[in-house]
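Given chain A's structure and the hints, the job is docking chain B onto it.
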Amino acid sequence: MIIEGKTGTWEIVVGLEVHAQVVSQSKLFSGASATYGGEPNAQVSLVDAAFPGMLPVINGYVVEQAIKTGLGIEATVNEVSVFDRKNYFYADLPQGYQISQYTRPIVSGGRLVIDLPGDRTKTIGVTRLHLEQDAGKSMHDQSPTKSYIDLNRSGVALMEIVSEPDIRSPEEAGAYLKKLRAILRYLGTCDGNMEEGSMRCDANVSVRKVGVTEFGTRNEIKNVNSIRHVMQAIEYEANRQVEALEAGETIRQETRLWDVARGVTRSMRSKEHAHDYRYFPDPDLLPLILDPKAIARIKAAMPELPDAKKARFVEAYKLSPYDAGVLVAEQEQADFFETVAKGRKDPKLAANWVIVELFGALNKKGVDVTNSPVSAKNLAGLLDLIENETISGRIAKDVFQFMVETGKDAASIVAEKGLVQVTDTGAIDAAIAKVMAENAAKVEEYRAGKTTLFGWFVGQVMKGTGGKANPAKVNEILKAKLSG
Amino acid sequence: MSALNDLTIAQLRDGLTARKFSAREVADAYLAAMEKQRGLNAFILETPDVARAQAAASDAKLAKGEAGALEGVPLGIKDLFCTKDVQTTAGSHILEGFKPPYESTVSQNLFDAGAVMLGKLNLDEFAMGSANITSYFGPVKNPWKRKDGKDLVPGGSSGGSAASVAAHIVAGATGTDTGGSIRQPASFTGIVGIKPTYGRCSRWGIVAFASSLDQAGPMTRDVRDAAIMLGAMAGHDVKDSTSVPLPVPNYEAAMTGDIRGLRFGIPKEYRVDGMPAEIEKLWQQGIDWMKAAGAEPVEISLPHTKYALPTYYIIAPAEASSNLARYDGVRYGLRVPGNTLDEMYENTRAAGFGAEVRRRILIGTYVLSAGYYDAYYLKAQKVRTLIFQDFQEAWKKCDVILTPTAPSAAFGIGDKADDPIAMYLNDVFTVPVNLAGLPGMSVPAGLSGDGLPLGLQLIGKPFDEPTLFRVGGVLETAANFKARPGA
Numbered sequence: 001m002i003i004e005g006k007t008g009t010w011e012i013v014v015g016l017e018v019h020a021q022v023v024s025q026s027k028l029f030s031g032a033s034a035t036y037g038g039e040p041n042a043q044v045s046l047v048d049a050a051f052p053g054m055l056p057v058i059n060g061y062v063v064e065q066a067i068k069t070g071l072g073i074e075a076t077v078n079e080v081s082v083f084d085r086k087n088y089f090y091a092d093l094p095q096g097y098q099i100s101q102y103t104r105p106i107v108s109g110g111r112l113v114i115d116l117p118g119d120r121t122k123t124i125g126v127t128r129l130h131l132e133q134d135a136g137k138s139m140h141d142q143s144p145t146k147s148y149i150d151l152n153r154s155g156v157a158l159m160e161i162v163s164e165p166d167i168r169s170p171e172e173a174g175a176y177l178k179k180l181r182a183i184l185r186y187l188g189t190c191d192g193n194m195e196e197g198s199m200r201c202d203a204n205v206s207v208r209k210v211g212v213t214e215f216g217t218r219n220e221i222k223n224v225n226s227i228r229h230v231m232q233a234i235e236y237e238a239n240r241q242v243e244a245l246e247a248g249e250t251i252r253q254e255t256r257l258w259d260v261a262r263g264v265t266r267s268m269r270s271k272e273h274a275h276d277y278r279y280f281p282d283p284d285l286l287p288l289i290l291d292p293k294a295i296a297r298i299k300a301a302m303p304e305l306p307d308a309k310k311a312r313f314v315e316a317y318k319l320s321p322y323d324a325g326v327l328v329a330e331q332e333q334a335d336f337f338e339t340v341a342k343g344r345k346d347p348k349l350a351a352n353w354v355i356v357e358l359f360g361a362l363n364k365k366g367v368d369v370t371n372s373p374v375s376a377k378n379l380a381g382l383l384d385l386i387e388n389e390t391i392s393g394r395i396a397k398d399v400f401q402f403m404v405e406t407g408k409d410a411a412s413i414v415a416e417k418g419l420v421q422v423t424d425t426g427a428i429d430a431a432i433a434k435v436m437a438e439n440a441a442k443v444e445e446y447r448a449g450k451t452t453l454f455g456w457f458v459g460q461v462m463k464g465t466g467g468k469a470n471p472a473k474v475n476e477i478l479k480a481k482l483s484g
Numbered sequence: 001m002s003a004l005n006d007l008t009i010a011q012l013r014d015g016l017t018a019r020k021f022s023a024r025e026v027a028d029a030y031l032a033a034m035e036k037q038r039g040l041n042a043f044i045l046e047t048p049d050v051a052r053a054q055a056a057a058s059d060a061k062l063a064k065g066e067a068g069a070l071e072g073v074p075l076g077i078k079d080l081f082c083t084k085d086v087q088t089t090a091g092s093h094i095l096e097g098f099k100p101p102y103e104s105t106v107s108q109n110l111f112d113a114g115a116v117m118l119g120k121l122n123l124d125e126f127a128m129g130s131a132n133i134t135s136y137f138g139p140v141k142n143p144w145k146r147k148d149g150k151d152l153v154p155g156g157s158s159g160g161s162a163a164s165v166a167a168h169i170v171a172g173a174t175g176t177d178t179g180g181s182i183r184q185p186a187s188f189t190g191i192v193g194i195k196p197t198y199g200r201c202s203r204w205g206i207v208a209f210a211s212s213l214d215q216a217g218p219m220t221r222d223v224r225d226a227a228i229m230l231g232a233m234a235g236h237d238v239k240d241s242t243s244v245p246l247p248v249p250n251y252e253a254a255m256t257g258d259i260r261g262l263r264f265g266i267p268k269e270y271r272v273d274g275m276p277a278e279i280e281k282l283w284q285q286g287i288d289w290m291k292a293a294g295a296e297p298v299e300i301s302l303p304h305t306k307y308a309l310p311t312y313y314i315i316a317p318a319e320a321s322s323n324l325a326r327y328d329g330v331r332y333g334l335r336v337p338g339n340t341l342d343e344m345y346e347n348t349r350a351a352g353f354g355a356e357v358r359r360r361i362l363i364g365t366y367v368l369s370a371g372y373y374d375a376y377y378l379k380a381q382k383v384r385t386l387i388f389q390d391f392q393e394a395w396k397k398c399d400v401i402l403t404p405t406a407p408s409a410a411f412g413i414g415d416k417a418d419d420p421i422a423m424y425l426n427d428v429f430t431v432p433v434n435l436a437g438l439p440g441m442s443v444p445a446g447l448s449g450d451g452l453p454l455g456l457q458l459i460g461k462p463f464d465e466p467t468l469f470r471v472g473g474v475l476e477t478a479a480n481f482k483a484r485p486g487a
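Protein chains in written order, with our numbering: chain A, 1 to 484; chain B, 1 to 487.
Just chain A, same shape as in the assembly:
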């Protein structure tokens, strides 16, 4: 995005830091449950509460999840990585330090291809992915004089995924987050739920005059809890910086908060007064050494990821890149589509039904595809009835409505409601004869050259057959009779 200022044109430079909570039964260094929504302090081990003499032990499953994610963003999985302590005091940080990875992360040097309007793509570099502990939660609204601490989240495994400052607009930032979230969900390594906080994003934003190669001073916008807000916050912050710079001010490096209600960012703390975190290698943990064979085993078991799936859908099902992109955005959607489309003569028909009819209906009901009242098998059954001409496309839409409402399969609804398409030419002949007899004047007009009436005749015939007549047959016979 280019900002036209008073003094010239400006370019936005954005890098994103995403904290993705790792899908795992237990925490990064303790056996306590890592699930969301437990009673406060019900999921806390002695390690999480930092009792004297307690020691961290790495959760092997979380390490596998990080490896998977690293492979998913085409990054290097480092065979040796090191856990460091990031030291600072806060009431919801029981150890007085967070165990993180500072100089030697488990994953480095990846990339993410983002999808932009007009079937354009752009590659965004991923600097690193490292594992770290989450902190607990301070609750300041429980007592007038005291703060309460919930340590359920304390020690839960996070992947911090840091992008290169390759992002140039709020739209690109949104596309990056969507793609990253899709990959995490495909891999099952993070559920990507920003509202519940299992995926959080900090945005580093700076601006510079177009043509300048050095970066401007950046500000970090913290913990914005939806993709839409990230985009809004970046847009606001970039404009604020341009205005400030053009007014002759300098940008101070600082942390800013996104104020959702007012739609502005505001200063939280200046980096000048930032903590000195005194990072050093955690002596309680040995360097994390990964067996290349284990990495290879994980690599061999990787699922197909969105980009590959999209390419395959375009290739194998002849879908437009746009439709393919819509379908692969969520793995469940893509799976649903494939179940419907598999072995079908016209997979595009399947794509249209899934994207237009099904997603439209789901949107209205406010449910996602995993809770669809119409199963993939049932939708496939409906398309079968269209393809073998049991029902027309128009009737199919009515049948689909019944399917959405009742969850029944298409064939039973068609049988119940007597919606089988009339392909018997005798019945169609009779219906046409009746319409022509009752509308002799219109027949005359048609024959006198007002051929635009043809559609009206088709409509009358369809009405006369309760919509069940095969439209192709109606067309064919009607044309012959009217010309007769």
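It should be emphasised that the hints constitute simulated quantities derived from the structure, not laboratory data. Just to be clear, a hint being listed does not mean it is correct.
[To be verified] Capping the alpha-carbon separation at 35 Å, the derived lysine-lysine pairs in DSBU-like fashion look like this:
{"id": "1", "chain 1": "A", "residue 1": "K146", "chain 2": "B", "residue 2": "K99"}
{"id": "2", "chain 1": "B", "residue 1": "K382", "chain 2": "A", "residue 2": "K293"}
{"id": "3", "chain 1": "B", "residue 1": "K84", "chain 2": "A", "residue 2": "K137"}
Chain B only, in chain A's frame:
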């Protein structure tokens, strides 16, 4: 027959197995002896009820012939080991009253082997000290007295452990050793102490001082007892990522008495300036004893020795400054309220930590700070690697290393108290062993001119504790150290 509390662990084991006396009788004898020696201030907490109950359980097991390796043996537990439902203070006001809901792996291993706990032993606050004068619960007195009658320090930080073993008010004690905290007090009190290889004993449940250096070990009256006790303490623990998955050898069986052909190294850099002649003489005596037993002395060089103390006093405080951050008044232990969170931290930690602990937290915070990290912490880590490599080189020439344990005998309570550097020099011979992660043992070898015990230190290859026990046994026999405090 000598009093029950004068028997060694091996003698207790034999007597208990033969049912010559009961575990309950042994426990009562120790509890009585303990009461008489309260003046030493060796215990922060006596646990007679626990002792009697455990002794009764031991008697039941002995009756069934199911005795463990330490069945019915009364021990003192350094108050750095968390003991379930029993106050654990680390010698600090900040943990006063803290009762852990868990048992440290090492103390659990000992109890599983049948040991009886007499109480929690005094120590320097958070194990930071070489004289046991920094404990919030007061200094420990060495049962040994100088000829002028002055009260002496027992060494530190495991001062309560050393004093209680020397005074025969426990049969053995657990210690921890970060820079010499088992071996130096063992030397000062005429007992045996071994710091095993880093990773040999689990650190789980031991209040951390400096995680990369801390290691638990036994303190006993003789080498055999140390072998028996270490055998019960040691072992792999999945709860400690730095614990090593190696089987525990039979240390007692390693004491063959035969060191013929063994090469023992004499590091020339350990002849430090200003070392008292009597220490020099004792060292030479040790060399002669080992030669007489058929071992061969080899001069070796550990060229980075002189950097060991400064390196240690960067790494240990750095780790400590981080390890002690959890004592913040939020979840357990002392809380001194304040108007803000920061004020509560400041009030709590100012009131809860003593001067030496505060000093080390400040040093550690400083050396890890931005702008100083490379010059101090990172440099220290590099020197630590060089010190480790010094030993690796030495092992090409020898099987074990012989040195003095400490540069002096026990000093008076109050001496060196206002000179931290002089105090830190106590650890000059012991600290390199921790930095290299090696096993080291102190064996009582003689008396100073003042009639105070002096120890010799044996340093072994990683996980070669069996050789230390073998050589330690030979030194012990040769030294024939029979002196007793107050005798």
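Verification of the supplied hints:
1. A:K146 to B:K99: 25 Å, holds
2. B:K382 to A:K293: 32 Å, holds
3. B:K84 to A:K137: Satisfied, since the Cα-Cα distance of roughly 29 Å is no more than 35 Å.
The structure meets every hint from the earlier list without exception.
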